[in-house]
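Assemble the complex: chain C is given as a structure, and chain Y must be docked to it using the hints.
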Amino acid sequence: MADIVPLSAAVEGLVRDGDTVALEGFTHLIPHAAGHEIVRQGRRHLTLVRMTPDVVYDQLIGMGCARRLVFSWGGNPGVGSLHRLRDAVERDWPAPLELEEHSHAGMAARYAAGAANLPFGVLRGYAGTDLPAVTRSIATVTCPFTGEELAAVSALRPDVGVIHAQQADREGNVQLWGIVGVQKEAVLASARSIATVEEIVPELERRPGGVVIPGWAVDAVALAPGGAHPSYAHGYYDRDNAFYVRWDAISRDRERFLAWMERHVRQTADVGEYHRSLAELAA
Amino acid sequence: MSGACTADEMMAVAAARMLRDGDVCFVGIGLPSQAANLARRTHAPRLVLVYESGTIGAKPTRLPLSIGDGELAETADAVVSVPEIFAYWLQGGRIDVGFLGAAQIDRFGNLNSTVIGPYERPRVRLPGAGGAPEIAALCRSTLVVMRQSPRSFVERLDFRSSVGCGDGPGDRARLGLRGAGVTAVVTDLGVLEPDPETCELTLTRLHPGVGAEEARAATGWPLRLGADLAESDPPSQAELDALRALTSAGDGAASA
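One line per chain: the protein sequences are C and Y, in this order. Position 39 (the first sequence) corresponds to 39 in this note's numbering; numbering is contiguous. Counting from 1 along the second sequence, just add 1000 to a position and that's the residue number in this note's numbering.
Just chain C, with the same shape it has in the complex:
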């Protein structure tokens, strides 16, 4: 059964320096509060895994938490570049960042293989592109039945999988719905896992298309209302598209980025204070 604990205790107990950590959530339900807690606790040398690094990994990379990034699309959706990611790759600031780069289909196959306890995933992919030449976790395999050559990608087995969901019950059973992305696979592929949730309810109300992860398959559940912001939680709050637009200017400049992270993340104790600090800024 998952322990229901404060987020700070979950990160302290389960995320270690040098770990391979996957914070998943495809545009929806991005676990920003957990990312902020990793920054507050000053984790270092992490291998960060995520299909779409998004603002959450722009922040972790800019704060020097990462040594390596495993990903498939690293932009600010609908806006442009992730400037902290670019600064790390193009100018080694604040530290060099090693890349392991895939396509979305390849990353999805890698998570599914990890969840299924297979050493690799198979897909029709990458043929004719330059990606296999720069990424060692892409190879080919011959089908033993048809002789066809297919792409093989090594399984993802993160040390820690972190997701954000709408609800958990008191037993730590977790339910998410709306765009469910690759979160179930990320949790089941990982050795340890953390789920932050919008609310803890006496009993889960089953939702159409909802994904339930039983509490015994999750290590820690932490209450973090608003914990996906600026991403969203279907049924709770909308994506803060204006924030994604504003992030372009905040993140473009190193000093402005550091000042923003200091005020809204490092000097706040938790997700509640983070939201209050943003509200003060708007007032």
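What the hints contain is simulated information worked out from the structure, not anything from laboratory work. Just so we're clear, the structure is a prediction, and the values are computed from it rather than from any experiment. Ideal Cβ placement from N, Cα and C applies to all residues, glycine included. A few of these clues could be false.
As the list claims (entries may be wrong) - To be clear about the criterion: a stretch of chain Y counts as covered by chain C if any three or more of its residues have a C-beta under 8 Å from a C-beta of chain C, and this derived list gives those stretches: (1) 1118 to 1126; (2) 1190 to 1196.
Unchecked claim - Derived Cβ-Cβ restraints for the label pairs, each shown as a range: (3) Y:Gly1170 to C:Gly209: 39 to 45 Å; (4) Y:Ser1149 to C:Pro96: 31 to 37 Å; (5) C:Ala249 to Y:Asp1167: 40 to 46 Å.
Using the frame of chain C, we list chain Y on its own:
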């Protein structure tokens, strides 16, 4: 042309017209999403929009900023996981048209969305390939929409993220790629299509007011003109109204 219309508006309208009613279209964010949503509001109301977030049959009322905006899920016929959208629906062969953009394209319709400069030390680190390599490989056909300039229409890609016709005729079959590859490239100047013999992208249509020399100057390889070089019909008032309603609603959402 019906009133003043920008080159970007002409591009969006020309791209939207490429989609047929009833097509199942895998939509990239940005210009492709704008064109696909315009098509659904004009001549192709039964166009099925599929986004890589797993939303199948999305019917957004405003232009989404991301491929995973909540409205896509709320209006979709089905919402599936990311592994499922790529494995069962795209790789399963159920998508008619892939609709992509890119930073660079070459004469064979190969696309770069990864880096400008060398991979290990890029001058510009672009977002990366995302869903595009398998979209370009597996859809029955692929449309590209991008602004035409010598920086984007290049002799040689800095990185090949997605395959059009590869190195030329027969290359897709050799690579085992099932779809037809890039069948049209819609730009702010006109439309390019692969020559059936050589696979080389050839100018087949110019937008009103654009000359062939302008298109040649905006292309990094010696651009050949199609034998039946035609002129695009200017946008109708209905097309322009629909596009402007769509983009102003989208802008409103982004700055709210």
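Quick rundown of the hints versus the structure:
no.	hint	verdict
1	1118 to 1126	holds (count 7)
2	1190 to 1196	violated (count 0)
3	Y:Gly1170 to C:Gly209: 39 to 45 Å	43 Å, holds
4	Y:Ser1149 to C:Pro96: 31 to 37 Å	32 Å, holds
5	C:Ala249 to Y:Asp1167: 40 to 46 Å	42 Å, holds
Checked against the numbered hints above, the structure violates only hint 2.
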